[in-house]
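Colleague: Sequence:
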Amino acid sequence: MFYTKYRPQKFSEISKPNDTAFALMNQLKSEKTVHAYLFIGSRGTGKTTTARILAKSLNCKNLTKDGDPCGKCEFCEPGAIDLIEIDAASNRGIDDIRELRERVGLMPARGEFKTYIIDEVHMLTSEAFNALLKTLEEPPKHVVFILCTTEGAKVPETIKSRCQVFKFKRATVSQIVERLKEISKKEKIKIEEGALRKIAESASGGFRDAETLLQQVSEGGLDVESFVGSTVRKNHIKFVGILLSRDCKKAIEFVNKVFDDGTDLYTWTAELVKYLRDLMFVVSGVREGLLDVTQEEFSQMEDQAGKLNSADIVILVEAFNKALNDIKGSFITQLPVEIAIVTYCGETENEQNNPESFGSGGSSSLQRGEKLSNEKYSSAKYPNGKNINFDEIVERWQEVVKVAVQYNHSVQALLKATRPVGVKDGRVILEVFYAFHKERLESPKNREIVEKVLEDIFENSIGIVCVLGDIKPKTSSKVETGELTDYNVIATNTSPADIDIFDGNLPA
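The sequence shown begins at 1 in the UniProt record's numbering and counts up by one.
Derived by calculation from the structure, the hints in this document are not laboratory data.
None of the values given here were measured: they were computed from a predicted structure.
Be a bit skeptical, because a hint or two may be false.
[Stated by the list, open to error] Computed cross-link-like contacts, BS3-like style, restricted to lysine-lysine with a CA-CA straight-line distance of at most 30 Å: (1) 274 to 169; (2) 16 to 5; (3) 10 to 32; (4) 188 to 234; (5) 32 to 134; (6) 5 to 186; (7) 274 to 234; (8) 257 to 234; (9) 238 to 250; (10) 160 to 181; (11) 234 to 16; (12) 186 to 238; (13) 186 to 257; (14) 307 to 322; (15) 167 to 188; (16) 274 to 238; (17) 181 to 234; (18) 29 to 169; (19) 328 to 186; (20) 186 to 160; (21) 322 to 249; (22) 5 to 181; (23) 188 to 322; (24) 249 to 10; (25) 438 to 307; (26) 167 to 16; (27) 438 to 402; (28) 5 to 238; (29) 5 to 185; (30) 16 to 250; (31) 402 to 322; (32) 169 to 10; (33) 186 to 16; (34) 186 to 154; (35) 181 to 274.
Construct the complete structure from the given sequences, taking the supplied hints into account.
Modeller: Right, dumping it as structure tokens:
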């Protein structure tokens, strides 16, 4: 396999720039290594490779002046006896760690250090972590632990605090392309740079996946476009374009063709969510240089971003992220994605059949409020609610949206796509346009935040009720900050960190 044949054996062979390799080489030069390391990063980013190089460097007899292993001495040879690798996925119990604790007391067979590499350390049980903690607190001088994980958040803080933590970044497309060029040259593979770029893009920042794909393409005589084309940006840009045109039928047909062509729909949807995340950044004003995309791709993303506002893109990301989570448990694989499509596209006929927009305070708005007021809502919790002035609610709604960010970014994003349409029994009636949007806003946690904001602003105990509107908000209009519009969707210059769509945490 290419990824084993061309695995770096020295720090100098690791793709640059690499801050982790540089820092470790400096430690080795100054003889200031520590007893425990924690390497965090997604798969294929070089955690285990770096751990092995560090392990051989600790015992290497002829380190270079830069802190690189010589690659020739007995400690640099494969299968060094003082290097022990443990897979935590299959050795995750307390008995396994107890056995490990018994062995660490034994002196190294040949070198100065005995190194334990524990891969996927987050898989250990709580009891096993507690047992490991005792060893990390009082480690023998001759032992070095290197813990590797793809799930850093699952490693207890008590473990992290005893380790020197290094975070491994995903490789850029250009870094992967350079690596693939080197391998292609050594293997005498004739392949265009454009094809290498497509392979690199489909690898999601992992060298191992890219090298495996290169081998499959070269040995199988496969066309790169047909082999990895379903995961490249071009495919997702086209699909999102269909979504923005609200062509529900065409979007569903597109997804079913992807599925019928043999593409793994889970992987395809995961890549789609990544693309939508990048698109969310573009909507929020992120510059081209901060995204790992080509100039042509960024130009297309800008065109699509011009048809979206922050509330629209949040809805898109949430819909397809939910679909991604639901795919593996679905009897019909493509059903969750189809539901996401229908959820976003909605009934386009409503916009055609109801061209009149509701004003923020005009007669049509009041009529809508009257229509909704026929529904029954409890007023027991809000004794002062009868004094609510609907016109004041409408006039100050922008203030409500702005203040909400002080409590929760996600709630602010939800409120941007709502509008007050009436009051009844001490509650403000908010119109929303998607069922899952209504469900999120009415969750106990989010409802409490909105009601707290209303109480702070209006000095009154006010509740909320959400109702599904008949008219979907237009996605093509951009609204200036500070203007209360028919649809109450406010465009902002919010940074990516401020668009909180996952209950307070934007994925890294």
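Colleague: The structure should be examined with respect to each hint, and the outcome stated for every one.
Modeller: Okay, the hints, checked on the actual structure:
The suggested pairing of residue 274 with residue 169 holds, with an alpha-carbon distance near 16 Å, which does not exceed 30 Å. A distance of roughly 19 Å separates the Cα atoms of residue 16 and residue 5; the hinted pair therefore holds under the 30 Å criterion. Taking the CA atoms of residue 10 and residue 32, the gap is near 19 Å; set against the 30 Å cutoff, the hint holds. Of the pairs offered as hints, the one joining residue 188 and residue 234 holds, with about 29 Å between alpha carbons and a cut-off of 30 Å not exceeded.
Distance hint between residue 32 and residue 134 is fulfilled; the C-alpha atoms sit about 23 Å from each other, no more than 30 Å. Between the alpha carbons of residue 5 and residue 186 the distance comes to roughly 11 Å, so the proposed pair stays at or under 30 Å and holds. With a C-alpha separation of about 13 Å, the suggested pairing of residue 274 with residue 234 holds against the 30 Å cut-off. A C-alpha spacing of about 15 Å is found between residue 257 and residue 234, which places the hinted pair at or below 30 Å, so the restraint holds.
Restraint check for residue 238 and residue 250: satisfied, since their Cα atoms lie roughly 11 Å apart, inside the 30 Å limit. For the suggested pair residue 160 and residue 181, the alpha carbons sit about 37 Å apart, so the restraint of at most 30 Å is broken. Between the alpha carbons of residue 234 and residue 16 the distance comes to roughly 28 Å, so the proposed pair stays at or under 30 Å and holds. The hinted pair formed by residue 186 and residue 238 fails the criterion: a straight-line CA distance of about 36 Å is larger than 30 Å.
For a cut-off of 30 Å, the pair hint linking residue 186 to residue 257 is broken: about 38 Å separates their Cα positions. As the CA atoms of residue 307 and residue 322 are separated by approximately 23 Å, the hinted pair is consistent with the 30 Å bound. Between residue 167 and residue 188 the alpha-carbon distance is near 34 Å, which puts this suggested pair outside the 30 Å criterion. The suggested pairing of residue 274 with residue 238 holds, with an alpha-carbon distance near 15 Å, which does not exceed 30 Å.
Our distance criterion of 30 Å between C-alpha atoms is met by residue 181 and residue 234, whose separation comes to about 23 Å. This hinted pair checks out: residue 29 and residue 169 have alpha carbons roughly 24 Å apart, not beyond 30 Å. Only pairs whose Cα atoms come within 30 Å are accepted, and residue 328 paired with residue 186 is rejected, the gap being roughly 40 Å. With a C-alpha separation of about 40 Å, the suggested pairing of residue 186 with residue 160 is violated against the 30 Å cut-off.
In summary, the hint linking residue 322 to residue 249 is supported, as the alpha carbons are separated by about 20 Å, within the 30 Å threshold. At roughly 15 Å between alpha-carbon atoms, residue 5 and residue 181 fall within 30 Å of each other, so this suggested pair holds. Proximity of residue 188 to residue 322 is assessed by CA-CA distance (about 44 Å); at most 30 Å being required, the pair is judged violated. The hinted pair formed by residue 249 and residue 10 fails the criterion: a straight-line CA distance of about 54 Å is larger than 30 Å.
With a C-alpha separation of about 23 Å, the suggested pairing of residue 438 with residue 307 holds against the 30 Å cut-off. This hinted pair checks out: residue 167 and residue 16 have alpha carbons roughly 15 Å apart, not beyond 30 Å. For the hint pairing residue 438 with residue 402, the CA-to-CA distance comes to about 20 Å; that is within 30 Å, so the pair holds. Proposed proximity of residue 5 and residue 238 is contradicted: the alpha carbons are some 37 Å apart, above 30 Å.
At roughly 14 Å between alpha-carbon atoms, residue 5 and residue 185 fall within 30 Å of each other, so this suggested pair holds. Only pairs whose Cα atoms come within 30 Å are accepted, and residue 16 paired with residue 250 is rejected, the gap being roughly 44 Å. Proposed proximity of residue 402 and residue 322 is supported: the alpha carbons are some 27 Å apart, at most 30 Å. A C-alpha spacing of about 19 Å is found between residue 169 and residue 10, which places the hinted pair at or below 30 Å, so the restraint holds.
Between the alpha carbons of residue 186 and residue 16 the distance comes to roughly 20 Å, so the proposed pair stays at or under 30 Å and holds. This hinted pair does not check out: residue 186 and residue 154 have alpha carbons roughly 40 Å apart, beyond 30 Å. For the proposed pair residue 181 and residue 274, the alpha carbon gap of about 26 Å is at most 30 Å, so the pair holds.
In this structure, the earlier hints numbered 10, 12, 13, 15, 19, 20, 23, 24, 28, 30 and 34 are contradicted, and the remaining ones agree with it.
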